[in-house]
Every structure is written in structure tokens, then in C-alpha cells.
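A.B. asks: Sequence:
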Amino acid sequence: YNYPQGRVTDHRINLTLHKLDAIMNGDMKDLIDSLMSFEQAEKLKQGI
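Numbered per the working numbering, the sequence shown finishes at 72, counting up by one with no gaps.
Read the hints as simulated data drawn from the structure, not as lab findings.
It cannot be assumed that every hint is accurate.
Stated by the list, open to error - In the DSSO-like style, the derived pairs of lysine-lysine whose C-alpha atoms are separated by at most 27 Å in a straight line are:
1) 43 - 53
2) 67 - 53
3) 69 - 53
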């Protein structure tokens, strides 16, 4: 989290969102969708 910039970064999946207020209020759809896409891509790479 970077409160002054209103930014959330997930370094595991190289994702930066500039919507900290929304995420803190429970709107995590963009974050969860990105994590799920990353997981699916990793599974495809591994042939799972």
C-alpha cells in the first residue's frame, strides 16, 4: 500500500492499481481477477 499515492501494488504478479480507497472498502474484484488470471497462466505453463 502507498497511502499518499492511493496505490496498491502486488509485486508477485507485477500489478499496480491506483484505487486504494476502493480496495479498502472491499472492492477487490480487479485484484482478485488479476490473481486468478496469473494463476491460470502459471498452470498452463506447467501443463496442469
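A.B. asks: Can the restraint linking residue 69 and residue 53 be considered satisfied, given a maximum Cα separation of 27 Å?
C.D. replies: With a Cα-Cα distance of about 24 Å, the restraint between residue 69 and residue 53 holds, given a limit of 27 Å.
A.B. asks: Does the structure keep residue 43 and residue 53 at a Cα separation of 27 Å or less?
C.D. replies: Since the Cα atoms of residue 43 and residue 53 sit roughly 11 Å apart, the hinted pair holds (cutoff 27 Å).
A.B. asks: Holds or violated: are the alpha carbons of residue 67 and residue 53 at most 27 Å from each other?
C.D. replies: holds (21 Å)
This entry satisfies every hint, going by the numbered hints stated previously.
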